[in-house]
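Here are the chains, one letter per residue:
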Amino acid sequence: EDQVTQSPEALRLQEGESSSLNCSYTVSGLRGLFWYRQDPGKGPEFLFTLYSAGEEKEKERLKATLTKKESFLHITAPKPEDSATYLCAVSPGGDSWGKLQFGAGTQVVVTP
Amino acid sequence: DAGVTQSPTHLIKTRGQQVTLRCSPKSGHDTVSWYQQALGQGPQFIFQYYEEEERQRGNFPDRFSGHQFPNYSSELNVNALLLGDSALYLCASSYGGAGDTQYFGPGTRLTVL
Numbered sequence: 001e002d003q004v005t006q007s008p009e010a011l012r013l014q015e016g017e018s019s020s021l022n023c024s025y026t027v028s029g030l031r032g033l034f035w036y037r038q039d040p041g042k043g044p045e046f047l048f049t050l051y052s053a054g055e056e057k058e059k060e061r062l063k064a065t066l067t068k069k070e071s072f073l074h075i076t077a078p079k080p081e082d083s084a085t086y087l088c089a090v091s092p093g094g095d096s097w098g099k100l101q102f103g104a105g106t107q108v109v110v111t112p
Numbered sequence: 113d114a115g116v117t118q119s120p121t122h123l124i125k126t127r128g129q130q131v132t133l134r135c136s137p138k139s140g141h142d143t144v145s146w147y148q149q150a151l152g153q154g155p156q157f158i159f160q161y162y163e164e165e166e167r168q169r170g171n172f173p174d175r176f177s178g179h180q181f182p183n184y185s186s187e188l189n190v191n192a193l194l195l196g197d198s199a200l201y202l203c204a205s206s207y208g209g210a211g212d213t214q215y216f217g218p219g220t221r222l223t224v225l
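Protein chains in written order, with the numbering used here: chain A, 1 to 112; chain B, 113 to 225.
Treat the hints loosely; a few may be bogus.
Distance condition first, Cα-Cα at most 25 Å in a straight line; then the derived DSS-like pairs of lysine-lysine [stated by the list, open to error]:
1) K57(A) with K138(B)
2) K42(A) with K59(A)
3) K69(A) with K59(A)
4) K57(A) with K79(A)
5) K79(A) with K69(A)
6) K63(A) with K79(A)
7) K42(A) with K138(B)
8) K57(A) with K68(A)
9) K125(B) with K42(A)
10) K42(A) with K79(A)
11) K59(A) with K79(A)
12) K138(B) with K59(A)
Rough simulated footprint, nothing fancy, chain A against chain B, three-plus residues with beta-carbon under 8 Å [said to hold, decoys possible]:
13) 142–152
14) 171–177
15) 184–191
Ranges between beta-carbon positions, derived for each pair [stated by the list, open to error]:
16) G16(A) with L151(B): 26 to 32 Å
17) G41(A) with L225(B): 43 to 49 Å
18) N191(B) with Q3(A): 28 to 34 Å
Since the hints were made in silico from the structure, they are not lab data. Every residue gets a Cβ at the ideal spot worked out from N, C-alpha and C, and that includes glycine.
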């Protein structure tokens with residue numbers, strides 16, 4: 001059964017204190033791994049799509065990496081506006097593609 | 113370029129009632145997926161529509177049904193509402209039926225009393 005586990009559940013950072021979020025997954029034939037950012041009461045905002053092990057993507061203070069079993073979202077020198085819940089999702093291959101399986105998310109709070 | 117839009121923003125219903133939620137996909141997208149997100153959890157896949165047909169379905173009962181129109185917009189219908197149906201309902205759109213990168217709307221907050 002496809003499964004996505006995110007850790008830690010919550011993370012409190014000082015402004016400028018870099019850290020990493022983990023997303024470990026088991027899926028039959030990974031088609032893609034996705035990172036989203038979600039603010040309270042709003043829809044997830046797309047950040048990155050990763051397709052194969054070794055791939056890396058960057059956007060401002062965020063960098064996402066992918067291995068065969070997990071993905072990391074690195075936050076470099078975070079600012080208070082980076083406070084949000086970060087969601088990881090996988091799209092299986094085969095007949096289940098498009099059926100995103102999400103983790104529970106990591107809630108990040110960045111204090112000034 | 114308009115993103116994914118959903119209506120209504122909030123909805124309050126009582127147990128046993130029926131509800132219809134609406135979604136318009138991002139311009140150029142033809143595939144719509146629906147998700148249910150309970151408080152403190154990740155979104156759970158309900159179903160996906162492509163070419164006006166249900167292409168994929170998650171583990172939700174038949175009380176949850178949907179429709180896609182020729183202009184690619186979509187509706188989610190829930191019958192015989194239960195208290196446990198209270199959640200944020202999210203619509204996501206993508207292109208080409210491949211369902212790769214999905215872009216989400218702001219969601220509809222449904223409260224069942």
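Please write out, lowest number first, the hints stated earlier that are contradicted by the structure.
5, 14, 15, 17
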